[in-house]
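Line order of the protein sequences matches chains L and B.
Using the working numbering, read the first sequence as starting at 1 and increasing by one per residue.
Using the working numbering, read the second sequence as starting at 372 and increasing by one per residue.
I should point out that these hints are in silico values taken from the structure, not numbers from a laboratory.
Cβ coordinates follow ideal geometry from the N, Cα and C atoms, glycine included.
Heads up, a few of these hints could be off.
[Stated by the list, open to error] Here are the in silico distance ranges between beta carbons for each label pair: (1) B:R498 x L:G217: 35 to 43 Å; (2) L:G217 x B:R400: 52 to 60 Å; (3) B:E403 x L:R127: 44 to 52 Å; (4) L:T326 x B:V499: 14 to 22 Å; (5) L:L43 x B:E403: 26 to 34 Å; (6) L:Q36 x B:T379: 14 to 22 Å; (7) L:A20 x B:R400: 35 to 43 Å; (8) B:E397 x L:K21: 43 to 51 Å.
[Claimed, not checked] Listed below are several chain L residues computed to face chain B (Cβ distance under 7 Å; list not exhaustive): (9) Y55; (10) D56; (11) V117; (12) D193; (13) V246; (14) R274; (15) F280.
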Amino acid sequence: MYVAVKGGEAAIEAAHKLLAKERRGDASVLELTTDQIREQLSLAVNRVMSEGSLYDPDLAALAIKQARGDLIEAIFLARAYRTTLPRFGYSEPANTSAMAIRRRISATYKDLPGGQVLGPTFDYTHRLLDPSLAGEGNFPAVEKTETGDAEVSPHVAALLNNEGLIEENLPQNPDADVSDLTRGALEFPADRDLRLQALARGDEGFLLALGYSTQLGFGRTHPFAGEIRMGEVEVSFVPEELGFEVPLGEVTLTECEMVTQFAGSADAAPQFTRGYGLVFGHSERKAMAMALVDRSLRTAEFGEDVVAPAQDAEFVLSHADNIQATGFVEHLKLPHYVDFQAELVLLRQLRAEWEAERGKTDGASPKEAAE
Amino acid sequence: MRICAQATEAELTQALADFGAIPQVEDVRSPEEGLVMLRGRIGGDGAAFNAGEATVTRAVIRLEDGTLGYSYLLGRSRTKARLAAIIDALGQNEDRRAQLRTCLIEPVTQRRSAETKARNEETAATRVNFFTVVRGED
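Can you build the whole structure from these sequences, using the hints too?
Now the structure itself:
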């Protein structure tokens, strides 16, 4: 049991002042603005929004500045902020088929309706540091290609679906509420909607490692990136007092659909199965890892044995939240003096008993040796 | 309401300045910041799930003729939410709606289509055609 401590106010206050000074760094260097963070460190902003589970680029940029670039600390700030706000309700499900696409690739089809566009990607860069960025940025003129209206880009899975080669997504069960992690405790077995909510806010590094583990043989699923798309989607909401849909604005989303190997049974022909990832902002690695882990957590659904960590929903979902994780790990540095004293007393007692016991046997052993 | 969601705060301010005489406005619900849980669909077209929250600011105003105007917008701008609620109320009258067309809808639509065109052209320049290379042994 943790026993509270008191005191330390002056030291804590001084430490926070010192933190503010460290945050500012060398005062002869220009101070960062949150606009600069939002515009130029946008992928960090996206990560804070996705794991903070709060879409607001300005707030995320502020959190990154306040946290000195420690993204988990920034995510903590975003999560803490959201608890201060009332919940107006739930949006209508975003229609990602109608996304204004800025990136869309498929590793399964070369030619697909709507085409493939690389968009702003690190892929195919040589990962060589660019010294020119150390100075004032000179960026090359962007190329443009004349184009008509954006082509319709149906989801790749829909193409396979036409042939019945991939499982269909189950429609909404009208009798079931959509599970909400923020309104109740995580309980097992967790349905897929609840699992996806937990994964969407889960730690990118944790999900990346779990996704990787499935590729290396711990619960193999042999995935293909059926499609990855990123762009803007309008979201809307039906306020109770109005009773009709009101557009709230546009959000940037990254979506990934993994196509993985077959499931089939005596009743159902073999089909590709699916794993899904949907993440705030341009967060491709996270969306891919989420899709891998989503599929992996469906192991039991396909009648396969749960043998690997990434297939164990309780293990994955209980440890995916980096704010819960950091809270419990970091609490260890708080004063535990009373706990520790208790353990010391216990240990001394055990030692005394052990020595007393040994003293008895030591006393007995010479006699034994003499015999 | 969609146009208010697409407009910037500066555009809404400009639109009301260009609109001319605005009836007396009374706050029914002062701008309030809150959250909407954004939903997606499993696999893009399946059952809904909660993807994460977004900040949303809402406001309700009443014009002197009693018309109520509502707004719900992503973000935390109280000013923008109030302006959007006023525009929502004005837009419920046919004459005023025609006026809003010139001072709000047209300029915002123009800006948006120019931005969309530029973005589509930049994106189209990254359109990729991969070739599958035939292997020698085949």
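Verify the interface restraint on L:D56: the C-beta must sit less than 7 Å from at least one C-beta of chain B.
holds, 4 Å
Measuring from the C-beta of L:V117 to each C-beta in chain B, is the shortest one below 7 Å?
holds, 5 Å
Per-residue hint verdict: L:D193, partner chain B, C-beta under 7 Å:
Interface hint status for L:D193: holds (4 Å vs cutoff 7 Å).
Between B:E403 and L:R127, is the Cβ distance one that fits in 44 to 52 Å?
47 Å Cβ-Cβ, so the 44 to 52 Å window holds.
Verify the CB-CB distance for B:R498 and L:G217 against the hinted window 35 to 43 Å.
holds, 36 Å
Should the hint that L:G217 and B:R400 are 52 to 60 Å apart at their CB atoms be regarded as holding?
Because 57 Å falls inside the window, the suggested range holds.
Regarding the hint that L:R274 lies at the interface with chain B, is the smallest CB-CB distance below 7 Å?
Status holds, d = 6 Å.
Do the beta carbons of L:A20 and B:R400 sit within 35 to 43 Å of each other?
With a Cβ separation near 37 Å, L:A20 and B:R400 satisfy 35 to 43 Å, so the hint holds.
Report holds or violated for the interface hint on L:V246, using the least CB-CB distance to chain B and a cut-off of 7 Å.
holds, 5 Å
Does 26 to 34 Å hold as the CB distance between L:L43 and B:E403, or does it fail?
At roughly 31 Å between Cβ atoms, B:E403 and L:L43 fall inside 26 to 34 Å, so the hint holds.
Classify the hint on L:F280 as holds or violated, based on whether any CB of chain B lies nearer than 7 Å to its CB.
holds, 6 Å
Within 14 to 22 Å or not, the Cβ separation of L:T326 and B:V499?
violated, 40 Å
Checked against the numbered hints given earlier, the structure breaks only hint 4 and satisfies all the rest.
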